[in-house]
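Read in order, the letters of the sequence shown are residues -1 to 261 in my numbering.
It should be emphasised that the hints constitute simulated quantities derived from the structure, not laboratory data. Nothing here was measured: the structure is a model prediction, and the numbers come from that model. It is possible that part of the hints are untrue.
Within a straight-line C-alpha distance of at most 35 Å, the following computed DSBU-like cross-link-like pairs (lysine-lysine) qualify [what the hints assert, rightly or not]: (1) K115 to K219; (2) K250 to K223; (3) K84 to K115; (4) K85 to K33; (5) K142 to K33; (6) K132 to K223; (7) K142 to K223; (8) K132 to K85; (9) K141 to K24; (10) K115 to K141; (11) K140 to K83; (12) K84 to K24; (13) K141 to K219; (14) K115 to K140; (15) K187 to K85; (16) K85 to K141; (17) K115 to K33; (18) K142 to K219; (19) K24 to K144; (20) K24 to K115; (21) K142 to K85; (22) K24 to K250; (23) K33 to K83; (24) K83 to K115; (25) K144 to K223; (26) K33 to K84; (27) K187 to K223; (28) K132 to K83; (29) K85 to K140; (30) K140 to K24; (31) K24 to K83; (32) K140 to K219; (33) K85 to K219; (34) K83 to K250; (35) K132 to K115; (36) K115 to K142; (37) K219 to K33; (38) K33 to K187; (39) K141 to K83; (40) K115 to K187.
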Amino acid sequence: MGLEFYDLSHPWGLGQPCWPYFEDVKIERLHNMAKSGVLTQRITTVMHSGTHIDAPAHVVEGTPFMDEVPLPYFFGTGVVVSIPKKKWEVITAEDLENASPQIREGDIVIVNTGWHKHYADSRMYYAYSPGFYKEAGEWFAKKKVKMIGTDTQALDHPLGTAIGPHGPGWPHGLLPQVNMEYERETGRKVIEDFPEWEPCHQAILSSGICGIENVGGEIDKVTGKRVTFAAFPWRWTQGDGCIVRLVAIVDKRGQYRIETGAA
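Throw the hints in and build the complete structure from the sequences for me.
In structure tokens form, the structure reads like this:
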């Protein structure tokens, strides 16, 4: 076809890295080849596992569930931008404004901080990652992008999630040692620097912008490029999110066309 496909999803399966308050993924063989001559498996998991997409209803009441988000939102033109960040650094509106290729209205935007290289069942990946916060979320909403994605643990900085002293993590955070470590290293309390709970989630999802977390795979191969994305979730009634396979598509010849629908 002349098209190049790049998988921007992490592998998924047993031993899957999970966010700190989720149960482990369980995979059972109900039928196996030796006994039944057929393989049938049962999976028990939250949908916020591995590379996955958040529906607006995940955090904002009265907004669309997964099956209610229009299909065109999961397909379209966009960019993969490089914004390298270190432990606990925040991705700012200025970072996004200066990103290359330029982020345009209607784009699907994937941010490569370099943190996907730490993807593992580790404190490094989940507790020390950089991330978006309120300023970035509001920038995305004002820019009217179609969808965003990040190669970090969540759409928000970890200390702006329940890992910090917010929501289910109140008052000490799900990982109190990490909160104390932040205070020792910076001389400031987490709540002073991250006073709001998941403000990037709130800003984008309330604007109808879905977000993909834990992007990885071949992300480095398309970083700095304008590509076509596809990331279709299940048609799950009242779904709060969905494991997804994020694919970037490049047509170097510029000759591929979507069919017109004519006979």
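Hints, verified against the model:
no.: 1; hint: K115 to K219; result: holds, 13 Å
no.: 2; hint: K250 to K223; result: holds, 12 Å
no.: 3; hint: K84 to K115; result: holds, 12 Å
no.: 4; hint: K85 to K33; result: violated, 49 Å
no.: 5; hint: K142 to K33; result: violated, 54 Å
no.: 6; hint: K132 to K223; result: holds, 26 Å
no.: 7; hint: K142 to K223; result: holds, 20 Å
no.: 8; hint: K132 to K85; result: holds, 18 Å
no.: 9; hint: K141 to K24; result: violated, 40 Å
no.: 10; hint: K115 to K141; result: holds, 29 Å
no.: 11; hint: K140 to K83; result: holds, 23 Å
no.: 12; hint: K84 to K24; result: holds, 32 Å
no.: 13; hint: K141 to K219; result: holds, 26 Å
no.: 14; hint: K115 to K140; result: holds, 30 Å
no.: 15; hint: K187 to K85; result: holds, 16 Å
no.: 16; hint: K85 to K141; result: holds, 27 Å
no.: 17; hint: K115 to K33; result: violated, 40 Å
no.: 18; hint: K142 to K219; result: holds, 26 Å
no.: 19; hint: K24 to K144; result: holds, 33 Å
no.: 20; hint: K24 to K115; result: holds, 25 Å
no.: 21; hint: K142 to K85; result: holds, 29 Å
no.: 22; hint: K24 to K250; result: violated, 41 Å
no.: 23; hint: K33 to K83; result: violated, 51 Å
no.: 24; hint: K83 to K115; result: holds, 12 Å
no.: 25; hint: K144 to K223; result: holds, 17 Å
no.: 26; hint: K33 to K84; result: violated, 50 Å
no.: 27; hint: K187 to K223; result: violated, 38 Å
no.: 28; hint: K132 to K83; result: holds, 17 Å
no.: 29; hint: K85 to K140; result: holds, 27 Å
no.: 30; hint: K140 to K24; result: violated, 40 Å
no.: 31; hint: K24 to K83; result: holds, 33 Å
no.: 32; hint: K140 to K219; result: holds, 29 Å
no.: 33; hint: K85 to K219; result: holds, 23 Å
no.: 34; hint: K83 to K250; result: holds, 30 Å
no.: 35; hint: K132 to K115; result: holds, 25 Å
no.: 36; hint: K115 to K142; result: holds, 29 Å
no.: 37; hint: K219 to K33; result: violated, 43 Å
no.: 38; hint: K33 to K187; result: violated, 58 Å
no.: 39; hint: K141 to K83; result: holds, 22 Å
no.: 40; hint: K115 to K187; result: holds, 28 Å
Violated hints, listed in ascending order, are 4, 5, 9, 17, 22, 23, 26, 27, 30, 37, 38; each of the other numbered hints is respected by the structure.
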